[in-house]
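Chemist: Place chain B on chain A using the hints.
Number of protein chains: 2
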Amino acid sequence: MLIHTIKEVREKIEEWKKQGLTIGLVPTMGALHNGHLSLIKKCVEKCDKTVVSVFVNPIQFCPGEDLDKYPRTLDADEKLCKDAGVDIVFAPSPQEMYPDAQMMSNDFFTYVIPPFFYTDKLCGKSRVGHFDGVCTVVNKLFNIVQPDFAFFGEKDRQQLIILKKMVKDLNIPVQIIPCPIVREESGLALSSRNKYLSDNDKKNALALSKILFNIKACYNNGITDVKALTETAYSYLNNNHSLEYLEFRDAENLEEKKTADDNTVVFIALKIGDVRLIDNISLARG
Amino acid sequence: MLIHTIKEVREKIEEWKKQGLTIGLVPTMGALHNGHLSLIKKCVEKCDKTVVSVFVNPIQFCPGEDLDKYPRTLDADEKLCKDAGVDIVFAPSPQEMYPDAQMMSNDFFTYVIPPFFYTDKLCGKSRVGHFDGVCTVVNKLFNIVQPDFAFFGEKDRQQLIILKKMVKDLNIPVQIIPCPIVREESGLALSSRNKYLSDNDKKNALALSKILFNIKACYNNGITDVKALTETAYSYLNNNHSLEYLEFRDAENLEEKKTADDNTVVFIALKIGDVRLIDNISLARG
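Residue numbers (my numbering), protein chains in the order written: chain A, 19 to 304; chain B, 19 to 304.
Since the hints were made in silico from the structure, they are not lab data. All of these numbers come straight from a predicted model, not from anything done at the bench. Hints are supplied without guarantee of correctness; some may be wrong.
Which copy? The list can't say, so a pair holds if one copy fits it or any two copies do.
Calculated pairs, DSSO-like style, for lysine-lysine (alpha carbon to alpha carbon, straight line, at most 27 Å) [said to hold, decoys possible]: (1) 64 to 25; (2) 234 to 275; (3) 60 to 36; (4) 173 to 245; (5) 35 to 64; (6) 139 to 182; (7) 186 to 35; (8) 275 to 173; (9) 36 to 25; (10) 64 to 36; (11) 30 to 64.
The following block holds chain A by itself, in its conformation from the complex (with noise of 0.2 Å):
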């Protein structure tokens, strides 16, 4: 069911909670791919009912970015978790999220803002203030479908670990479920914005998880001294590639890793021409 108003949200989810059914919430931005569905299957077997929100939220969005050309694809989303057995899409407008679009600066609207210490690296160095538009809105969904779990895919591991920072700090009464990144055959990252690439840009694409598994093999091997692991990337970069970067960081809290541990995650991120990807891998092991 498509719905597209909180109040008809909210009459719904009042319903199943007097019910005693369990919710799960599987917040996107739409643009559906297999990546998502992942997530929505597993909502869909561990929930009793299962809302998914397709909203492309502009306060994530920092000047310069992607917003107006970030795809949108409602009819065909709406099928795809129609076929997934999903029992709302919330699908809400920019103005039913934040009803005065004036107001949507920190000078007029309440935001939730994680700590800088996990916000001042990584891609919140160059998205200045995304992961507080992210934090908001996931608040605000929270608020609204009143989940008892939330599945975020680890593509956004960042975004993962820091939401899993807001939930404990805020006491925020929701389990959030880490789902495993979706790859195509080649090891790309499946991504919304994959659809920004050239056949060719695909190619060059490829660079990200070659690292990254090149990486873990090393420490696989026994490579613990990140300079060393670092240095068996730039062997996979080309002219194509920019680098933004590529970081070792802890899995729990982010702090940089100088020697790699099976509590490290390998951070990375490029850009292709104007599309900037990004991929991450845990070298946990088994």
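Modeler: The following block gives chain B in isolation, referenced to the frame of chain A:
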């Protein structure tokens, strides 16, 4: 029932929710007086179950403020609550609410930040960060207790306006119930901080309510010019008073008023010695 842990509160709440009972929350910092009692009575009357939280929230005190000497009277508070029919007195330790005392700054902790336009004025001007701490802890309490209704006194009217804004912006599923200021016969608004006042201070403290009552009387007599209304205040002030502000602002969004109307609230803060007192009055008629 006195409860100190989040876990135990959650268990009780879950039980009540399953029974379909409505839950009311009265958040306090303890040192309960008849002002609090009026909120508690309203809550007991309106809701099936009443939770009173007693927590002196460290993150809403600024450096140099009275965090350490703020009155703590838990035994008396518990008795007052019991007599009033409260179901749970939730009195967590600082460690329970902020498990890592070293990690309470916004470098390491998620904050709920109300809009600057609401916090850069009145009490927010001298108490920088105060309302960030208030919104963060109230958000936590809402997530822990999940109340249908929450009761706040109009004594802290800037706080009340900010919390209403937070609830609206973040779609928090709670209804805020404002409760009128309770005054001594003398006119002095009840406050836990009145305990700091000597007998002589208390006499001087009457200036706040006298100024406000006089302004309201002048307004009722047809004076609407804010400058003229403000001037009526000075005859009540003497060398023992240090006036922090006397301002006329919109009851919804705290915009400054040049001309008073029924949507105007008059806010006053003044210091008597070390003790900072606040009061306010709505010019709404009837």
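Chemist: Compare the structure with each hint and give your call.
Modeler: Quick rundown of the hints versus the structure:
1. 64 to 25: Close inside one copy (25 Å) and across copies (24 Å); limit 27 Å.
2. 234 to 275: within (15 Å within a copy, 63 Å between copies)
3. 60 to 36: both (24 Å within a copy, 26 Å between copies)
4. 173 to 245: within (24 Å within a copy, 59 Å between copies)
5. 35 to 64: both (16 Å within a copy, 22 Å between copies)
6. 139 to 182: within (17 Å within a copy, 33 Å between copies)
7. 186 to 35: Both ways: residue 186 and residue 35 sit 23 Å apart in one copy and 22 Å across, limit 27 Å.
8. 275 to 173: within (20 Å within a copy, 50 Å between copies)
9. 36 to 25: For residue 36 and residue 25, both the intra-copy (17 Å) and inter-copy (22 Å) Cα distances are at most 27 Å.
10. 64 to 36: Cα proximity of residue 64 and residue 36: in one copy and across copies (19 Å, 20 Å).
11. 30 to 64: both (19 Å within a copy, 25 Å between copies)
In terms of the numbered hints stated before, the structure departs from none.
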